[in-house]
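Line by line, the protein sequences give chains C and P. When we follow the working numbering, the leftmost residue of the first sequence carries the number 1182, and every step to the right adds one. When we follow the working numbering, the leftmost residue of the second sequence carries the number 1182, and every step to the right adds one.
Heads up, a few of these hints could be off.
Chain copies aren't distinguished; within one or between two, either way the pair holds.
[Said to hold, decoys possible] Below, simulated EDC-like cross-link-like pairs (lysine to aspartate or glutamate); rule was C-alpha separation at most 20 Å, straight line:
| no. | residue 1 | residue 2 |
| --- | --- | --- |
| 1 | K1456 | E1293 |
| 2 | K1369 | D1270 |
| 3 | K1386 | D1355 |
| 4 | K1369 | E1340 |
| 5 | K1369 | E1408 |
| 6 | K1386 | D1250 |
Quick caveat, the hints were computed from the structure, so don't treat them as lab data. Since we're looking at a predicted model, the values are computed, not measured.
Number of protein chains: 2
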Amino acid sequence: MSIVVVGTVAFDKIETPFDRTERILGGAATYIGLAASQFAENVNLVSVIGGDFPEEYISLLRNNHINLDGLQVKPEGKSFYWSGRYHADMNSRDTLVTELNVLADFEPILPESYQSPEFLVLGNLTPRVQLRVLEQLKRRPRLIVMDTMNFWMDTAWDELLSVIAKVDVLTVNDGEARQLTGEYSLVKAAQKILTMGPKFLVIKKGEHGALLFNKESVFFAPALPLEEVFDPTGAGDTFAGGFIGHLARTKDISFDNLKNAIIYGSAMASFAVEKFGTEGLVGLTHQMIDERVRLFVDLVQFDISLVSK
Amino acid sequence: MSIVVVGTVAFDKIETPFDRTERILGGAATYIGLAASQFAENVNLVSVIGGDFPEEYISLLRNNHINLDGLQVKPEGKSFYWSGRYHADMNSRDTLVTELNVLADFEPILPESYQSPEFLVLGNLTPRVQLRVLEQLKRRPRLIVMDTMNFWMDTAWDELLSVIAKVDVLTVNDGEARQLTGEYSLVKAAQKILTMGPKFLVIKKGEHGALLFNKESVFFAPALPLEEVFDPTGAGDTFAGGFIGHLARTKDISFDNLKNAIIYGSAMASFAVEKFGTEGLVGLTHQMIDERVRLFVDLVQFDISLVSK
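For reference, chain C alone in the conformation it holds in the complex (with noise of 0.2 Å):
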């Protein structure tokens, strides 16, 4: 099953209360690509970097068995640079630093092995090179997951809502899915953004977990409690690289399949947040994933005995 990745392939440097980086690889590509490759073969990349971009973070991705063909390399330009420093909660974040550089002009262009995949994810961008990815597609995908943020909300407005209305599943946080809709009910923003387009919607709680809607059901899968969260970046990429994995494994858009690939989403994320950057998806197993999700299911489950009988 072929996935398709739109999103940034970054440098990003980081700030936390307990450390700090230089700039090292990031993005929402390169997030999403990674978590979606532990589980499906056929990961496509678009993305346009510059020519300061280390052939080593090309080499990660393509040992990754990520294919590059999409990725735009533009010698004279500079890649996409964020830089950022968390809070004493390493809940929320000061921007420091974000140069657009390359991706200030970015026309995404899907080679043509590209343009009939079966999944698609549309990873956090302006909308108008979403928009862009649509219109190239020679066949709709079973699927096609959207990530945006407050950001575009707040700028492009219309052409927001003309990509969401396209979508089959929204990512967005508690807070964006409120902005979206001025709902402070997330039970009635929920239902207000399944009426613009999306057929699912997945609301991204942070350390409080996620909520999966569709119109008629609701499921809620927990983040796992860790000792120590050392780098929340890229943890929503990685829970949708995560996420669309496990739906192109296997080939099951049902709402059951998708509350499964909600906790391989979440475990996806949980071994993120564990290291700087992208190293804590390196290297890891299909058994590590598994160990992983039991723990998920050891968290929630139980077996309960009704009062009424």
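Once you've looked at the hints, dock chain P against the given chain C.
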């Protein structure tokens, strides 16, 4: 199975962004007792009220099969009064008024029939009163559950620790678990608290659910995603009441059954927050409670096929 509940019986006056009340029935022991009495027949309350407390509220407690032999009435005194205003997010609030009144010099007295309970809940109160109750027990209960709050950590640290050392289950919120231990990670905070006396720890996270820890395991239950939260007052106490009520009904204090008790507690809390004050807890049937529990089962259950198989 007998339950003794110690805590406040009070007047509450509540403002939310949507509505406000006059002085209505409130207090930790009230919520704990009303929730526990849905499951257990022998619920015995220890508290104090003034001569101003309306007969109507006393009847309400009696009609819910709560034994009031341990409820002291001070005809010359005024009942404990609390007033608060919730912020727009319904998660945080300002206390507008706290009048201790008869609570200021409360000396709890356990009637003879209360002195050998199977289950004891020490609701949130000054640790001195919680200690006085423990001293009057003829026999150690099968399970002692204690609730407390940050205020006692600031003002009565040593007494607080000496009560904590004597109980089986401590319930606190996430901020309080952090304050009690100086650990930001809830996993680390839990492990520290479990060296202070309790065999089990419940960390309440409000709309984000609750965690149950023992030294070996952790269990998580979400809060039910609701369309509307009308009044969060008493949600934590209602949770504790449903928790102890389920344990008393099933006579089983294994970790697996404590998980179920967390679910019943969460179900009861979901009723409490849907209406003002104690209104949501009156007129419930076992059928209604079980329907709510089934929503929790649907909310978290998944049936996963592992990737390494």
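Now the hints, each set against the structure:
no.	hint	result
1	K1456 to E1293	neither (36 Å within a copy, 58 Å between copies)
2	K1369 to D1270	between (28 Å within a copy, 14 Å between copies)
3	K1386 to D1355	both (6 Å within a copy, 16 Å between copies)
4	K1369 to E1340	neither (23 Å within a copy, 45 Å between copies)
5	K1369 to E1408	between (34 Å within a copy, 6 Å between copies)
6	K1386 to D1250	neither (34 Å within a copy, 46 Å between copies)
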